[in-house]
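Trainee: Those sequence lines, one after another, are chains U, P, Z and G.
In terms of the numbering used here, the first sequence is residues 28 to 202.
In terms of the numbering used here, the second sequence is residues 28 to 202.
In terms of the numbering used here, the third sequence is residues 103 to 599.
In terms of the numbering used here, the fourth sequence is residues 103 to 599.
It is possible that part of the hints are untrue.
What the hints assert, rightly or not - Examples of chain Z residues lying across from chain P (beta carbon under 10 angstroms, computed):
1) G141
2) A142
3) M147
4) A148
5) I306
The set of hints was computed from the structure by calculation and includes no laboratory data.
All residues carry an ideal CB built from backbone N, CA and C; glycine is no exception.
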Amino acid sequence: MKRTLLIGKETHDVELLRQDGVTTFLWDGAAQAVDIVEVEPGCWSVILGGKSVDVRLDAAKNPDPDVQGFRATLYDEPYEFALQDPRKALLAAAGGAAGSGGTLTAPMPGKVVKLLVKDGDLVTEGQPLLIMEAMKMQNELRASSAGKVSKITVQEGATVETGGTLMILVAPEAN
Amino acid sequence: MKRTLLIGKETHDVELLRQDGVTTFLWDGAAQAVDIVEVEPGCWSVILGGKSVDVRLDAAKNPDPDVQGFRATLYDEPYEFALQDPRKALLAAAGGAAGSGGTLTAPMPGKVVKLLVKDGDLVTEGQPLLIMEAMKMQNELRASSAGKVSKITVQEGATVETGGTLMILVAPEAN
Amino acid sequence: MPVTKVLIANRGEIACRVIRTCREMGIPTVAVYSDVDRGALHVRMADEAYCIGPAPARESYLVVEKILNVAKQSGADAIHPGYGFLSENAEAAKLFEANGITFIGPRPESIVQMGSKTAARVVAIEAGCPVVPGIQETMSDEDLLLEAEKMGFPIMVKAAMGGGGKGMRLVKNAEELKTGLPRARGEALSSFGDDSVYIEKAIIQPRHIEIQIFGDQHGNYVYLWERECSVQRRHQKVIEEAPSPHVTPEMRAAMGEAALKVARAVNYVGAGTVEFLADADRNFYFLEMNTRLQVEHCVTEWITGLDLVKWQILVARGEKLPLTQSEIKLNGWAMECRIYAEDPDKNFMPSPGKISFLRTPSGPNVRDDSGVYEGSEVSMFYDPMISKLSTWGPTRLEAIDKMRTALGEYRIGGIRSNVAFHEVLMQHEPFRSGSLHTGMLDKPFWKKKEVGPNLKFAVAAAMVAELDDEERRASQPVGSGDGKPDAWKHWGKFNRL
Amino acid sequence: MPVTKVLIANRGEIACRVIRTCREMGIPTVAVYSDVDRGALHVRMADEAYCIGPAPARESYLVVEKILNVAKQSGADAIHPGYGFLSENAEAAKLFEANGITFIGPRPESIVQMGSKTAARVVAIEAGCPVVPGIQETMSDEDLLLEAEKMGFPIMVKAAMGGGGKGMRLVKNAEELKTGLPRARGEALSSFGDDSVYIEKAIIQPRHIEIQIFGDQHGNYVYLWERECSVQRRHQKVIEEAPSPHVTPEMRAAMGEAALKVARAVNYVGAGTVEFLADADRNFYFLEMNTRLQVEHCVTEWITGLDLVKWQILVARGEKLPLTQSEIKLNGWAMECRIYAEDPDKNFMPSPGKISFLRTPSGPNVRDDSGVYEGSEVSMFYDPMISKLSTWGPTRLEAIDKMRTALGEYRIGGIRSNVAFHEVLMQHEPFRSGSLHTGMLDKPFWKKKEVGPNLKFAVAAAMVAELDDEERRASQPVGSGDGKPDAWKHWGKFNRL
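Build out the structure end to end from the sequences listed, making use of the hints.
Mentor: See the structure below:
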């Protein structure tokens, strides 16, 4: 099955053909023989042109439900790759992309130690918004751009998970 | 659920009761609190009376299909334990046990290098019957008791799996 | 005093480390654990294990009475505190001893004398050991500001009862001091239960070099050479090595003797570390004394061939130090990388979670001191250090290249770790040349490796193969399988038809 | 000669071992593999990997032309043969050199001179090195019988081209010799492609002690002390250590000098081992010379702090030996246990199969040289050794107790291993006291540990919990799960309703 590969802003057409014990990988139309074996659950040993590469795949959440995301780990460094069924890509292109709001989310699980702003405050880029504690280290979370605090969704002392919403900022123009 | 534990020739009635977060193990009617957690797939950490024991369970084939066999590994040594549903045990006791014949089976995968006897030969206990090679070592397989070779089921050069039948011996009386 | 059954009042890698030596010596071990640590490696490794309460350390690992009760219940006659937690708690040590239980550590009085950094400075000055210019006592924010102005910026703010870099920060001007003090006090309070801080003149591009010392109950002392721990981030040691590339034989002897002066001044018994700052001219200044085993003791073990935990137990038993100063070897070079559950791509934020995959390096001259296993949880409640990887080589560069190789074999899945960061560091020229200072990581140099075309190709092929396999399986009716259980295919949950 | 890319003409742990040193030295590596080894660890670790044919070694790892072709194809300019396979094949070494590829091993002439054990005896005798009384040449079964009668039983039958104990047997009388000769020839043929055997007078309760030597291309020689390998089963080494508890400093120097006499006599270059038998009176007799790296080189690495694979590469490059005799250290004591896939409960029969679970020990002074991983297959086609576990201690007993502790952490599932057997050995009094001889394992002393009531109780509880969980899951409708995939429950297949 043909798929579209997304690596950052790159896209490539890819397809794996298995025939008569030979596996061929098509990359934007160019064919190359690969020898590919799942050696451990989620761990693939790939030999191509003699090079031996060990790839570990972890599923990664992709904001687009039609895109299959994987976090590939190469020598203990993760890289995000995503694959898309090209038919779905066409459909997706027809719709509009929702703009992402200024939501401050928790970068790790931890405890909210102190809120440094309150609802309605105007904040400048880089201004500290709240202090989180995890593993005995206190970390300041700062505003990524100027804006207005539209809603604070946590209280001091609250325990939050990774990705949990902490507060919502709106652009000053939206005021 | 109550079960019967078989360890070699020992049998015990055992049952695990989980109630209100407390786990109690019944062993021949005597109750003891245990803290038991599956820490890795098939690996259980058991704490009883303060002692911490790591148990790894591998399913083991039991000749009786009504008996659930496990090979428990304690500090890298395997021990065979089996559990039986007591209702089934009653049924089984009503039937007759089949006598096991003098079948010589392969103790490991390997190649039959040489047959040292032929159909109809009378053999004495400990007499070498054939030579198998595995991993470059040649091993003699010997008769566990005196008897007559009733059927040889492999040829020289054949590759066999663990447990594969090599030859069948009958008791001399059966002659 | 007998040491026939040891309770380890700690968790993680150091608890496992102590268990290993006890097992080697034939001494049974008792673990304690908080609710979230029920499945932790130290619980599984120990002969006995007892729960001591909820996850927060102050409700479990820091509750002296609970530890004492477990010791009594299990019949342990000695307690090894590891590092952190109760290791420098003189009251705990006193209580254990009062109950007839040997505390494997220094006498409580020594802990007290060295426990307050300001008091320790006074001891060092009186013992004739050089110290960094600074104040001798804790004070209010206002007084600290006045003293700082007198001393001149930059200055260091430090927790009086602290250690391990927590609550410590470099402050370049009065404004920073004002905003930094409350935060430093907050961290000090939450980490050490005491919000006292003090200030010292900051040394420019200092090197952190420390001396491992040992004393016994018979007045004998030795120093087991130095360790350099200058590679730090946020005042936390990241890489340690022994010996130090900065130290000459003369400086080594001078530092060793200075360290023993401090140890003798407090009648020190057991393993201790005297920390110094050194400048480019090889002047060195007493910083503090850690009255416990250090995280980085492994590198000293590599170059001396000694087991420091074993020595701690021998000394606690009342035996004499096994060797005299002239019998102690300095053989080759050792490196240690602290493997943290943290995300180099997100400014090294902690990355707790379940370790879904773990392969640790081995082979010649590689040592991994781990507190985790595949399937275990890195909890947000404790330190994010999951392992210490150490290597040895005849020379410094050989130890570094061995470390680079070992890091390349390390695989940790499910959470992020700093393994790849360490790999980059091992190839960082200032590090390789030995030009270390405590601020060397302040300017970020970490950059993810580029994925070349071949690697992209390989990853893409693996991804496509994985999805093709999944879809093939999903399109087969349930139970029609090839006898191969789908069980181990942990991707199943991502099937989308 | 340049060594800029190394092809490793081997598999298993030794291939991984060589890859590690190459990586440390920054040298890219090329693996070769047979069909069944596609997923083997060495294939995954190497930078490049090429298939060289079907599983049987004589159709893959032993086919010189295939190896040569891969070297040419990949641009490798050096070949490391490991041990076994082509490591002592002079023709292969010649062919590689003729094609401009450096053979990381001795000159082909040295291999030839030492390759026939009978010829090697002559060299040793002429060089002034003591030898075991025996015949100097191979002969027919009839002539061997006559010679044996003259020499007097017991005698040893050995493969002329052999090594590693294969084809070797102790024979107590003429009858045993008659029945044993065909089998010895058969094994010799299948292992070494040559059925020549010879006989030697058997030494009673001999100790196997060997000297590690090194030579360079400039005529320099050193010996890296001895190893004792007396703990054997079926003439296969099971445990090795360095130094030997039997060897005094005088004996060490005498053996070292005797070994160098043999090395010099054949202008030896690279790593080699001169094996001796020693009797209770510390007489020693030349046995053979192994013209390659030995399995047990790790224990020498522990006590000298040297990397023997690195030295091999340096010497192959034409460099001088890095150290002179007086610079070589002998530091502490090292033990090595060979971890085999074999079943101690079935007379140590090989136990090939899939390794379903694997946890290897680590911590201070523990080294595991493994060629496998969790999920890999131990094939029936090759040697059943899956790993070498080695430990170090300042003294012999400390190294033994460290080994006991490390073995206690080793977990291998899916196949049987001899880990528990080694654990028993580490507590076996004759072993601990150092009273070793090559027949010490002939009388079986291995006995499985008894399972006490507490352990029985714990195992039973785990089993019941496992079955209860399974039945609970089985009784739930499919898809009603708690979000936790059943995937990882590898017991699922044993569900019975």
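Trainee: Which numbered hints are broken by the structure, listed smallest first?
Mentor: 5
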